[in-house]
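Colleague: This is what each chain is made of:
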Amino acid sequence: MTSIDDQDLFSEVDEAPSASELEAERIAEALLFASAEPLSIAYLMERLPRGVDIARIMKRLIIQYAGRGVNLIRIEDRFAFRTAADLSFVIRRDEGEAKKLSRAALEVLAIIAYHQPVTRAEIEEIRGVQTSRGTLDVLMEAGWVRFRGRRRTPGRPVTLGTTPSFLDHFGLEEIRDLPGVEELRAAGLLSGRIPPDFRVPMPGLAGDELTEEEDPITQLDIEELGLLAPGGAGEE
Amino acid sequence: MTSIDDQDLFSEVDEAPSASELEAERIAEALLFASAEPLSIAYLMERLPRGVDIARIMKRLIIQYAGRGVNLIRIEDRFAFRTAADLSFVIRRDEGEAKKLSRAALEVLAIIAYHQPVTRAEIEEIRGVQTSRGTLDVLMEAGWVRFRGRRRTPGRPVTLGTTPSFLDHFGLEEIRDLPGVEELRAAGLLSGRIPPDFRVPMPGLAGDELTEEEDPITQLDIEELGLLAPGGAGEE
Amino acid sequence: MATDTIQSTAIPMDRLWQDADQRGVTEPALVIDVGGFEGPLDLLLHLARTQKVDLARISVLSLAEQYLLFIESARRVRIELAADYLVMAAWLAYLKSKLLIPQQVRGDDGPTGEEMAATLAFRLKRLEAMREAATRLINRNRLGRDVFARGAPEHIAERHGANFDASLYDLLSAYANLRQRQAVTQVTIERRKVWSLVEARQMLTDMLGDIGDWTALQHYLLQYMPPAERVTATASAFAASLELVREGKLEMRQEGAFEPLYMRRPVASPAAEPKE
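Residue numbers (full-length UniProt numbering), protein chains in the order written: chain P, 1 to 236; chain D, 1 to 236; chain X, 1 to 276.
Hints in this document: simulated from the structure, not taken from any laboratory. Here the structure is a predicted model, which is why all the values come from computation and not from measurement. Be aware that a few hints might be false.
DEER-style ranges, computed between Cβ atoms [as the list claims (entries may be wrong)]:
no., chain 1, residue 1, chain 2, residue 2, range
1, D, 66, P, 121, 37 to 43 Å
2, D, 176, P, 42, 40 to 46 Å
3, P, 176, D, 192, 20 to 26 Å
4, D, 116, X, 72, 51 to 57 Å
5, P, 121, X, 214, 35 to 41 Å
Facing chain P, a subset of chain X residues (Cβ under 7 Å, in silico) [claimed, not checked]:
no., residue
6, 112
7, 113
8, 165
9, 172
10, 175
11, 176
12, 183
Straight-line Cα separation of at most 30 Å, DSSO-like style, residue types lysine-lysine; simulated pairs [unchecked claim]:
no., chain 1, residue 1, chain 2, residue 2
13, D, 100, P, 59
14, P, 100, D, 100
15, P, 99, D, 100
Cβ atoms here follow ideal geometry from the backbone N, Cα and C, with glycine treated the same way.
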């Protein structure tokens, strides 16, 4: 501790605080941290030990946090922690709040997971409604769904499947780890009233391999599907 | 250098950090402060300046915040700021407390936590009773329990385990920190097999006699067991 | 066998009157609240607690007797007991007989009474340990009650590229709901009081896991069945036992027509435990 080295950010203000002041400081810190809104002096006073000098405690805290990544700031007669203004570039980098997947997207994703390789028509058959274009786009954008190949049937429909990052996100080692009817039922996800012939497919796919009924997708297919907008024109 | 005064809470770890380390520290602080969820090392590394020693920075931060009202805690490979546990009495909020778990759900949660990865059949073996629907899904909805994978045994039963937010919720760094887990393991109580030294002494009884350590079951016991004699219902 | 939903059956008042008349009014009427217990093991644990000794030192014999007494009382007032209470009663009656019979030379035909008793004591101890663990767990400082996260988070983190959030639970419940919705059928079958093959099989495997030598299980079992369930229990247990024989998990023997059916686990069974 030769020189007051620069990491000594939380160092001294004026004179040493008493033990009860330190405790009050800790309480104020915790309250300010946990609160959704700036806290008034009155509010803090109510909760800090009696007889401590609130102004002094707040002043000490402000100084202690001044150089750090988080600052204690004063807004009129209220106090709040805020990330340091000069670091806003780090914080705001991924501005977009995580969006909840829509119910439709969840359903489509689940169908793709369980029934893969599955075509769009099959998804619609299972859901009983048309799937809007945006739904699949969302799942693709999330990186959870991919085109697998083309089914060797008339019309050569494109087959869909999940990606490794799907497994990663949902904490599955392999697609076969998805729970079956019995487990869904035991977990309370399926109610007791299901027809006796109710089945949940057990996807037996290993990774990227195509099944015998699938052909690989070619560059041509991709353009044809409107996935690559040729010449930068937007899709649809 | 002589006395480290007591308010010097945020003082040194081992050697003086470089300026770039200090900056990285500030950024880490800001990111962690801003987030309600624990942040993974991978996430932090993506955002901190290249080449800094993350482990060292996190260690410094943990030490610096150790005595304060807000602590930096580790949950597996994630970090989060949380209010200090010893301040619970000041900021404890009873409203909004997480849904009260039923006794069965709590028991199932404990079994999953201590025995994971565990199959449903094993849970039922331990409890001696089928798990009713709604028990598991309450735990899954709370985000504490998840499907982990499948056991490599015939039938490939799905296994259950806890989530990182289970650890976060109960203030555990990792599963090894579960209260009493080592003692339970040592006593063989976390296995499906009866430990070899577990023997019940058999009184060589020829009939219904009770040993000295036993009392006969009485009418009172029966009442206590929930065999309630409704006062005077018979006489009415 | 949804034990968690056992209700104590209300006894009609006039029945109580009749009973009281028959028994003499001195004997108090009992209302048994089995619903307070999480199954037979829970009840046994509760009974064992009354012995006030280490679970490794309990008298399994007297425990078995207490349990059987409990079941007796319940049946006397015609409480409908879930099947697993009765299965446990049958098993304990069997255990009791094994404990009381003088020790035989130990063949290789399954566990001795002592071993069965030790297993039971172990299971009780393990269940109790889990109960204690649960209590300790729930009394820890908990996030959102004792310990708090940042009250005003500024961004949501931990998104690698994709800014979408969904848990496996969301995914599975969406799928289950959808499939169920699509599978709406008008099949609403009135539940008959029938032992399904699955239930009977489960019951048999549970019991046989601990029984080695020839045993007329049905007899033990039926004794504890309400008359109305005896036929279905017998039929299902028989069918299930045939299935188990076919799979090599069970051996059966019968002296002649209408003689008791004896069952046992195959002697040289590959150590395939039914469940573990």
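Colleague: For each hint, tell me whether it holds in the structure or not.
Modeller: Hint check results:
no.	hint	result
1	D/66 with P/121: 37 to 43 Å	violated, 60 Å
2	D/176 with P/42: 40 to 46 Å	holds, 45 Å
3	P/176 with D/192: 20 to 26 Å	holds, 24 Å
4	D/116 with X/72: 51 to 57 Å	violated, 40 Å
5	P/121 with X/214: 35 to 41 Å	violated, 60 Å
6	112	violated, 35 Å
7	113	violated, 34 Å
8	165	holds, 4 Å
9	172	holds, 6 Å
10	175	holds, 3 Å
11	176	holds, 4 Å
12	183	holds, 6 Å
13	D/100 with P/59	violated, 41 Å
14	P/100 with D/100	holds, 26 Å
15	P/99 with D/100	holds, 28 Å
Checked against the numbered hints given earlier, the structure breaks hints 1, 4, 5, 6, 7, 13 and satisfies all the rest.
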